[in-house]
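There are 2 protein chains.
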Amino acid sequence: MTETDDAYDEPLFFRVIKYAENADRDVVDMVSGNPDWEPPAALREGLADYAEADPPELQYQASEGLRELREEIAARRNVDVSRVIVTNGAGEANYLAMAAGMERGTGSDFLLTDPVYPYYPGKATMLGGSSTRVPVHEDGHVDVAGMREAASDETAAIVLNTPNNPTGAVYDIEAVTALADVAAEVDALLVVDEVYDHFDFTGRFESALTLDRDHVIVTSSFSKSMGITGFRVGYAVFPERLVDPARTRHMLVNVTGSRPAQTAVAHALRETPPSYYESVRDTIRGRIDALTASLDTIGADYTTPEGAFYVLARFADFPGTMANVERLIEEAGVAGMPGEAFGNAYDDWIRVSLCTDRVDEAAGRLRKYFESR
Amino acid sequence: MTETDDAYDEPLFFRVIKYAENADRDVVDMVSGNPDWEPPAALREGLADYAEADPPELQYQASEGLRELREEIAARRNVDVSRVIVTNGAGEANYLAMAAGMERGTGSDFLLTDPVYPYYPGKATMLGGSSTRVPVHEDGHVDVAGMREAASDETAAIVLNTPNNPTGAVYDIEAVTALADVAAEVDALLVVDEVYDHFDFTGRFESALTLDRDHVIVTSSFSKSMGITGFRVGYAVFPERLVDPARTRHMLVNVTGSRPAQTAVAHALRETPPSYYESVRDTIRGRIDALTASLDTIGADYTTPEGAFYVLARFADFPGTMANVERLIEEAGVAGMPGEAFGNAYDDWIRVSLCTDRVDEAAGRLRKYFESR
Chain G
1 MTETDDAYDE PLFFRVIKYA ENADRDVVDM VSGNPDWEPP AALREGLADY
51 AEADPPELQY QASEGLRELR EEIAARRNVD VSRVIVTNGA GEANYLAMAA
101 GMERGTGSDF LLTDPVYPYY PGKATMLGGS STRVPVHEDG HVDVAGMREA
151 ASDETAAIVL NTPNNPTGAV YDIEAVTALA DVAAEVDALL VVDEVYDHFD
201 FTGRFESALT LDRDHVIVTS SFSKSMGITG FRVGYAVFPE RLVDPARTRH
251 MLVNVTGSRP AQTAVAHALR ETPPSYYESV RDTIRGRIDA LTASLDTIGA
301 DYTTPEGAFY VLARFADFPG TMANVERLIE EAGVAGMPGE AFGNAYDDWI
351 RVSLCTDRVD EAAGRLRKYF ESR
Chain V
1 MTETDDAYDE PLFFRVIKYA ENADRDVVDM VSGNPDWEPP AALREGLADY
51 AEADPPELQY QASEGLRELR EEIAARRNVD VSRVIVTNGA GEANYLAMAA
101 GMERGTGSDF LLTDPVYPYY PGKATMLGGS STRVPVHEDG HVDVAGMREA
151 ASDETAAIVL NTPNNPTGAV YDIEAVTALA DVAAEVDALL VVDEVYDHFD
201 FTGRFESALT LDRDHVIVTS SFSKSMGITG FRVGYAVFPE RLVDPARTRH
251 MLVNVTGSRP AQTAVAHALR ETPPSYYESV RDTIRGRIDA LTASLDTIGA
301 DYTTPEGAFY VLARFADFPG TMANVERLIE EAGVAGMPGE AFGNAYDDWI
351 RVSLCTDRVD EAAGRLRKYF ESR
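Chains G and V, in that order, give the protein sequences.
Per our numbering, residue 1 is the first one in the first sequence, and the count goes up by one each step.
Per our numbering, residue 1 is the first one in the second sequence, and the count goes up by one each step.
Just so you know, the hints here were simulated from the structure itself, not pulled from any lab data.
On a predicted model such as this, the values are computed, not experimentally measured, just so you know.
Certain hints may be false.
Repeated chains share a single entry, so a pair holds when one copy, or any two copies, can fit it.
[Stated by the list, open to error] In silico lysine to aspartate or glutamate, EDC-like type, Cα no more than 20 Å apart, as pairs: (1) K18 / E185; (2) K18 / D29; (3) K18 / E103; (4) K18 / E330.
Assemble the whole structure, with the sequences as input and the hints as a guide.
Right, here's the structure in full:
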């Protein structure tokens with residue numbers, strides 16, 4: 001367990017992407033988590049239709065989001081529509097949720113996992129809080145006992161991400177339930193970021209909303225599920241007692257979200273068949289297989305994602321430092337993320353994103369590179 | 001001068017709009033500041049084109065905004081592009097600017113005018129600060145001497161809005177310069193919200209950016225100038241030394257803004273001729289004339305807007321209370337905003353917005369109503 005209270009820096013992401021762009025050779029980008037696949041056809045339709053809308057429809061919707069979108073979300077998540085605030089992506093949803101943790105005045109430390117999505121500790125610092133990271137188990141799953149031990153009166157909220165970026169773990173609902181209990185014991189909130197909920201390859205993923213606890217906030221977005229990280233349409237589902245302050249903060253920061261994007265997403269939610277999501281999952285499954293087959297040949301350690309679309313790989317005598325990531329870009333033509341971007345627990349590893357249709361090419365390059373070392 | 005530190009409530013706007021919607025008769029909505037006119041044709045084109053963009057263009061742009069949009073803004077405002085952060089409307093721009101005032105640690109009180117756009121004191125409270133309001137002059141112009149007297153070591157920032165909502169005043173650049181000096185004297189920032197800059201009927205409006213001072217932040221948006229409050233595309237121009245922390249906060253709160261909207265606005269900025277903006281101003285001028293002619297007949301006091309698109313009206317023996325606003329809805333079929341929504345200085349007045357093509361109808365109704373009282 002490590003205590004951190006560091007200022008937020010420009011994410012390592014951008015440094016790696018810039019390095020890859022400036023490389024003197026062709027590089028397969030396995031850095032970013034930006035989907036490369038087609039969005040639902042209905043999303044494009046919804047946006048094209050909106051481009052012809054009458055002037056009143058070009059003006060603000062209600063602060064908490066387009067009513068029809070909130071209703072579609074509420075129906076799918078089986079919650080009362082009053083609990084849903086549509087946000088500027090999961091980024092704002094997590095900000096509002098973590099701010100709710102601080103506002104209660106019952107602690108200012110955020111209990112996170114290591115590895116962690118770097119925005120969480122960044123948000124903690126910006127909110128005037130600190131964060132504590134507890135290493136996950138070897139298999140990438142959350143260490144419930146370790147989290148329980150680290151929780152204290154100082155804890156404002158426990159923040160989880162499942163399916164997890166970068167480990168690919170899909171947390172058991174029992175673990176999430178146990179962590180909801182831990183949060184309740186120290187009078188903290190539990191925030192569960194479920195942005196990869198459509199990328200569950202186990203069939204076991206269960207939303208924390210099923211717990212129906214009044215200190216649990218679930219966040220999500222359509223960035224990944226519809227392949228539109230640029231649209232910035234996400235949401236948070238708050239327990240009733242926490243809705244009002246979150247709505248006020250949302251209004252005072254952003255007034256409301258962007259209506260063209262919300263309108264397109266609402267249309268796509270209504271009109272997109274399950275086969276769209278299944279077909280994207282099939283694509284990811286194929287990419288996982290292609291990459292891990294290559295890693296098997298090399299004899300590298302790796303995580304097989306239960307969910308999301310990242311693989312953590314550990315190559316013999318080749319720790320996942322920034323220097324080695326740069327070497328891999330220059331010498332193999334493959335760009336990944338150094339594990340240190342996510343904390344200490346996986347700093348020997350490199351995170352490889354599967355958001356490219358050139359996974360076969362990358363797999364071949366890695367095989368060739370590590371076999372000839 | 002009044003000291004306020006009140007919690008932010010659901011704006012009175014929504015209460016009035018709801019009241020008008022539930023009325024048992026036809027009501028002309030002169031409450032909201034949502035443009036009812038057509039956006040630039042190129043805005044619709046830009047959005048329709050974007051609906052066909054390839055998947056990579058549907059993903060995040062840089063956190064600080066679409067490069068081409070920032071460049072268009074920088075060229076028009078004659079500032080270095082590095083100073084421009086594209087935000088989720090002027091709402092977020094003002095939030096970032098006011099947060100910059102707090103972050104310097106040199107005071108936590110915001111010096112505002114009375115009347116005031118209600119979001120400013122709301123943001124002050126949310127940021128953990130307070131606000132002080134100084135009544136404007138009878139003609140709606142800022143009271144520089146009063147502001148100087150109220151400024152203190154506790155002042156984090158002076159926040160102005162010009163052209164002003166609700167008074168319609170276009171502040172002289174000399175006044176803004178003097179207030180920049182006042183801010184400098186107490187080591188505070190000056191934030192100038194210029195969201196109505198395209199609605200200057202005097203030809204005298206000059207942006208605070210021309211001051212070129214390193215403690216002045218200018219905010220704006222395309223919500224009003226392009227008639228698209230729902231798109232949420234605004235921006236802030238920071239002095240160089242304040243850009244980095246603002247960019248970090250923007251990234252941690254919102255990641256970035258919505259790309260469909262930013263793309264459409266960038267296209268519209270490039271392709272829209274000055275005649276579009278002139279024609280919208282002509283429309284507003286016509287509405288001002290129609291309304292004020294009616295107010296002359298009644299013998300009501302009113303402000304003739306130098307800028308923006310609101311008229312403050314004071315009717316004899318009919319103070320601008322919520323009760324009288326409701327009466328006007330029921331008995332005259334005209335909905336305005338009670339002056340008390342903006343502070344104490346204009347609580348006898350009713351704010352009438354000109355965002356409706358039924359200004360003639362409303363003018364006739366008001367004449368008939370007040371002539372028969």
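Report the numbers of all earlier hints that the structure fails to satisfy, in ascending order. Of the numbered hints given earlier, those the structure breaks are 1 and 3, listed in rising order.
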